[in-house]
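The task is simple: from the sequences and hints, build the whole structure.
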Amino acid sequence: MYEERPALLDGAVLWTRTAAGPGTGGSRPVLPDGCMDLIWAGGHLLVAGPDTRAHVPAESAERYAGVRFAPGDAPAFFGVPAHELRDRRVPLADLWGAAGTRRLCERITDAPDPAAALDEAVRRRAADIPAPDPLLRAVADRLAAGRAVAETADAVGLGARQLHRRSLDAFGYGPKTLARILRLQRALALVLSGVPYAEAAVRAGCADQAHLARETRALAGTTVGAYTASAAASANSETPEPSGSRTTA
7 MYEERPALLD
17 GAVLWTRTAA
27 GPGTGGSRPV
37 LPDGCMDLIW
47 AGGHLLVAGP
57 DTRAHVPAES
67 AERYAGVRFA
77 PGDAPAFFGV
87 PAHELRDRRV
97 PLADLWGAAG
107 TRRLCERITD
117 APDPAAALDE
127 AVRRRAADIP
137 APDPLLRAVA
147 DRLAAGRAVA
157 ETADAVGLGA
167 RQLHRRSLDA
177 FGYGPKTLAR
187 ILRLQRALAL
197 VLSGVPYAEA
207 AVRAGCADQA
217 HLARETRALA
227 GTTVGAYTAS
237 AAASANSETP
247 EPSGSRTTA
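Numbering of the sequence shown is given in our numbering, commencing with residue 7 and proceeding in unit increments.
You may find that some hints are simply not true.
With a straight-line cut-off of 16 Å between C-alpha atoms, the simulated EDC-like cross-links for lysine to aspartate or glutamate are [stated by the list, open to error]:
#, residue 1, residue 2
1, K182, E157
2, K182, E221
3, K182, D147
4, K182, D160
None of these hints come from the bench; they were simulated from the model.
In structure tokens, the structure reads:
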């Protein structure tokens with residue numbers, strides 16, 4: 007069973023998941039979404055970096071809890087540029103050291119509610135580091151709304167090269183890739199809400215339905231029809247799970 011709610015950290019999402027049992031069909035692929043997650047997986051802490059392609063989880067724990075950061079917010083928290091974690095799942099100890107990570111993990115694991123303990127730990131650490139750069143939040147917000155990359159650069163007062171460099175550090179990839187990923191998320195959300203494929207494609211910013219089909223294959227590794235069928239099957243099962251839940255390494 008998958009559940010999520012707003013986290014204590016502004017803009018973040020707290021999610022929990024119980025692994026699917028035998029015969030349930032396993033986990034759906036995790037689609038790129040521009041985000042990074044801190045995940046507690048049955049007594050271990052790991053970081054899910056920003057994806058450029060679909061990630062297929064491999065079950066390794068029965069219970070999960072995660073904090074999904076808004077695009078661009080996680081690098082300052084973890085202390086590493088996002089591009090260094092692109093398409094990777096790494097132990098938190100690799101970033102913060104074994105001793106401190108072990109103590110944090112023990113506190114979360116021993117808590118009556120590990121998800122709440124993880125949520126509070128993230129809030130406390132975030133209070134001690136600089137707030138996310140509002141300029142990068144503005145970039146993510148504008149691209150999520152379907153604004154063009156050149157228009158976004160002009161709006162935030164950055165040149166093309168500056169925007170690309172800062173996007174690599176904040177999001178893990180350049181603004182054009184982030185725009186493609188966020189456009190696909192918009193399109194698939196429309197499709198799942200019942201909007202016809204061709205209309206969803208245009209409303210999301212694709213040239214046409216064929217364009218959406220190509221982007222879905224390139225970024226999600228599947229077809230729009232197969233994705234929606236998988237989503238429908240998941241919604242009708244006992245373990246509903248959205249495209250953004252990033253379980254396991």
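Sort out which numbered hints this structure fails and list those numbers smallest first.
Hints that this structure does not satisfy do not exist here, as all of them hold.
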